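*Asks:* Here's the letter readout for the chains.
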Amino acid sequence: MRKGKLPSSSFFPNIILFIVMLMVLPPIVILFLYSLSNASLGKLSNISLTFEPYTKLLQDSTNIKSILNSLVIASLSALFGTLIATFTAWIIVKTDTPLVGKLEPLLLVPVAISPFLYALSWTTLLDPYIGIINILTNILIGKTLLTIYSFTGLILVTTFACMPLAYIVIKPFFEQFDSSLEEASIISGASKRVTIWKITFGLAVPTMISAYLLAFVWCMEELGIPLILAARAAIPIASLRIYELTLTWPPNYNVAAALAIVVMIINIILYRIAQSIIGKKQWTTVGLRGFRKGVMKFGKIKYLFLSIVLIYIVISSILPIIGMVPMSLSKVYGFPSRLEDIALDNYVRLLSKPLAITAIKNSIIIATLGSFILLVFTFLISYIVNRTAYKAKNLLDTLSMFPLSIPSIVIALGIFLYFLYILPTFIYVSIFSIMLGMLIRFIGHGTRAFSPVMKQVHQGLEDAARISGASQFQTIKDILIKLMIPSFISTYTFLFIYFVRELPLSILLATSKNMVWTAAIYSLWELGDVRLVYAFACMEIILILSVRFIGVYLSKREERKWNI
Amino acid sequence: MEYMIECHNLIKRFGETVALDNVNLNVNKHEIIAIIGPSGCGKTTLLRCIAGLERPDRGRIIMDGDIVFDSDKGIFVPPDKRGIGMVFQIFAVWPHMTVFENIAYPLKLRKIPKDEIERRVKEVIELVNLQGLENRYPHQLSGGQQQRISLGRALVMQPKVILFDEPMSNLDAKLAEKLKIDIRILVKNLKITAVYVTHDQLEALTVADRIAVMRNGRILEIGPSLDIYKKPKNTFTAEFVGVSNKIRGKVVKFMNSYIEIETQLGKLVCDPPYIDVKPNEEVVMYIRASDIDICPYPGPAEKRNAFEGRIKSRSFTGDSFIYIVEVNGAELRVHAPADIDIEESTRVVLVFDPSKVIVLKGGE
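Chains as they are written, first to last, in full-length UniProt numbering: chain A, 1 to 564; chain B, 1 to 364.
Read the hints as simulated data drawn from the structure, not as lab findings. Given the structure is predicted, the values throughout are model-derived calculations rather than measurements. Think of the CB as a built atom: it goes at the ideal place given N, C-alpha and C, for glycine as much as any other residue. This list has only true hints and no planted wrong ones.
Pairwise CB distance ranges, derived in the manner of DEER restraints: (1) B/Asn135 with A/Lys455: 23 to 33 Å; (2) B/Glu134 with A/Arg560: 16 to 26 Å; (3) B/Tyr274 with A/Ile481: 55 to 65 Å; (4) B/Glu221 with A/Ser10: 32 to 42 Å; (5) B/Ser169 with A/Ser9: 31 to 41 Å; (6) A/Pro354 with B/Lys108: 48 to 58 Å; (7) B/Lys108 with A/Arg349: 57 to 67 Å; (8) A/Ser546 with B/Asn135: 30 to 40 Å; (9) A/Ser191 with B/Asn135: 50 to 60 Å; (10) B/Lys174 with A/Ser191: 47 to 57 Å; (11) A/Ile481 with B/Glu126: 29 to 39 Å; (12) A/Ser10 with B/Ile324: 50 to 60 Å.
Take these sequences, add in the hints, and give me the full structure.
*Replies:* Given below as structure tokens:
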């Protein structure tokens with residue numbers, strides 16, 4: 001009976017709701033309008049509805065191929081990624097393999113940086129001309145091992161990149177797995193192998209399916225990897241195709257919008273299926289009293305497990321990141337084979353470029369300020385949703401989470417078309433357009449981070465402050481915010497990282513005047529100066545990883561302080 | 001006498017559920033009133049409405065002569081302006097403040113000078129027995145100590161009214177035992193009016209002067225604690241306050257000094273009931289398990305309210321035995337002292353005093 005919330009005026013929540021509506025609805029509405037009309041730039045006022053963009057979409061075989069290619073790559077990469085994730089999660093959580101728990105952060109490196117930077121890092125290993133591994137195999141066996149700009153390369157990198165996502169879904173399943181289920185099987189006479197196979201993995205299947213679908217959805221919408229790997233090989237990929245259709249002259253926004261909507265519908269359907277699997281309670285083995293955690297004991301085979309995990313980490317995380325460093329320090333084009341080829345020249349050259357300086361400055365301003373605005377704004381949204389009796393709070397919640405359910409390239413295109421339509425040119429070419437766009441893109445990320453934390457803070461703590469004589473504002477200031485400091489720190493840092501590394505919106509909106517970091521890396525890549533690219537990418541990776549490290553350290557420290 | 005708290009016709013709905021269904025409650029000055037009832041009966045909602053943490057849909061609440069809520073006049077005084085103290089089920093001590101800071105918070109909000117804060121917090125800390133723990137954080141303290149912080153914080157403003165929302169339900173039995181007696185002594189000494197919500201009837205008996213029993217959003221009955229315990233006016237109260245033996249019967253004889261009731265056990269004699277019953281009326285009788293004496297067969301010479309039976313089961317609880325005795329096909333529960341140890345399946349005689357039988361109207 002604690003459903004009731006304190007009454008408050010709905011004036012302020014109404015304003016918030018109105019702003020959220022203005023943020024999240026028009027991009028999608030405009031996207032639909034473009035996909036269903038011949039509207040061209042700035043002429044939305046007199047349009048007639050037609051299915052022409054969709055027929056055009058189907059007439060061009062490149063578009064069809066791009067969707068099929070995306071489906072093939074997503075289905076295979078998600079499959080491999082999910083299988084690897086299941087196996088690794090099982091080793092880490094359910095076996096007595098030593099050390100692996102400590103290595104876990106290294107498994108997550110591909111998502112910790114960004115898929116775009118991750119794909120870039122792979123070019124240092126498997127570029128046909130300058131890739132270190134290919135150069136080595138050329139010397140050793142006389143031919144290149146694999147060109148990363150290929151279908152195989154795409155699947156390889158996408159697999160590694162989506163594995164952590166599947167891992168994050170599957171690991172909790174194993175953590176909440178009741179060991180007595182396994183013990184019961186062994187007592188019933190089943191061997192250890194049969195038990196692991198039939199019971200442990202058997203029960204994991206539904207979780208694996210939902211992890212697979214979520215990874216699939218992610219692979220479908222990912223732009224960073226195809227941008228680096230598919231564009232050079234001229235392999236059509238749906239997300240990349242959406243972007244490319246905006247680059248033609250005259251730009252093909254209508255077909256781009258139609259393709260975006262097709263991708264969105266595919267993803268929404270898959271996402272719903274995944275959600276419904278996760279939502280089904282009959283599969284859960286959690287929440288019973290007397291629940292026992294436990295690991296299975298293994299003999300020497302656990303060292304085999306350890307080496308598998310180690311090899312995987314070396315290949316998927318360490319090699320590509322390590323590959324970047326010598327490349328970025330190389331005076332020659334490619335791998336510095338002599339010590340005197342190593343110098344900071346690329347960095348010096350990069351930092352003497354005004355474009356790079358502008359990009360770094362802009363990105364830092366946008367990320368610092370933008371994630372702060374979003375932090376405050378999504379905190380207010382969470383407060384209204386979780387702590388007030390505001391009538392439309394469910395609508396507010398749904399709307400603020402809405403951008404999360406839309407593929408990143410799709411919402412980016414929608415925001416791009418929305419801004420083309422409403423923003424005056426001087427704002428459009430300023431950093432405000434990019435910041436505004438990112439506020440829309442990441443509003444759901446912020447709300448999703450705050451809501452569970454606010455639910456965890458027991459409302460009684462705030463009630464006690466009200467009774468003690470604190471006003472609603474004083475209560476928020478003295479109690480709620482203070483208790484949420486750890487999550488403020490972690491939310492701020494991950495939003496900061498999202499803002500810095502954001503790709504689709506950045507490359508759609510950035511011009512020479514409002515250039516941002518990630519978009520600048522991409523334009524250097526287009527120009528072909530890979531040494532500068534690697535130097536610039538290295539700097540971004542260092543920034544991302546150090547901000548992440550500082551964020552985790554500070555929020556952990558705050559949490560420990562009061563033991564909450 | 002003027003009341004400290006008056007609730008008039010309070011109605012509160014949460015969607016479809018009616019949490020308060022026209023509740024009227026008056027609390028005297030310096031009185032401790034307990035509100036008991038099963039979970040979901042509306043007792044916590046009533047308390048939260050008095051606190052101002054919940055706004056009723058309709059009705060009026062007057063506190064110490066001032067209207068703090070009136071749906072017709074659109075008056076709603078927020079909780080921070082009602083000047084009350086409250087102790088919560090979850091303690092609600094702030095984990096990021098020390099014991100001192102927790103208790104000083106209400107004073108700081110009122111911009112009271114530092115030395116006075118220091119003095120008053122020190123007083124309260126002594127009152128609730130937390131000396132020496134001023135600079136500890138709550139997570140370094142036990143549940144009982146945390147609840148004492150909560151109590152201290154509620155008392156530090158010297159409120160006229162203090163509200164308790166199931167303050168013992170997160171404490172283990174031993175701690176709760178001591179704390180509830182301390183609470184009664186403190187509240188009585190400080191001459192504060194208290195409303196105490198609990199689902200535990202024994203806790204209510206220990207702490208309160210009067211008890212109100214709630215069910216489905218209504219106050220079923222209200223009266224001095226002992227009356228609620230000894231003379232409940234309806235079956236729900238009787239069962240809620242833990243009377244375990246229920247017997248149905250029909251009044252067959254009605255005399256001035258006693259009545260006779262025909263039951264499954266046989267003919268049963270009891271004192272004239274405090275409710276109005278007529279001859280031939282169907283009634284329900286309740287007898288406390290502890291009010292029944294168990295004797296070895298053939299039992300006492302006097303055969304009034306003596307019934308022969310056989311022990312069906314026996315369990316030892318540490319300080320007493322619980323016997324289930326079968327009498328004429330009915331099963332009666334008997335609590336006997338630890339020294340009365342009788343084997344299972346033994347024939348016994350159950351005896352109880354006519355004054356110990358609670359007679360209530362039969363139609364549920």
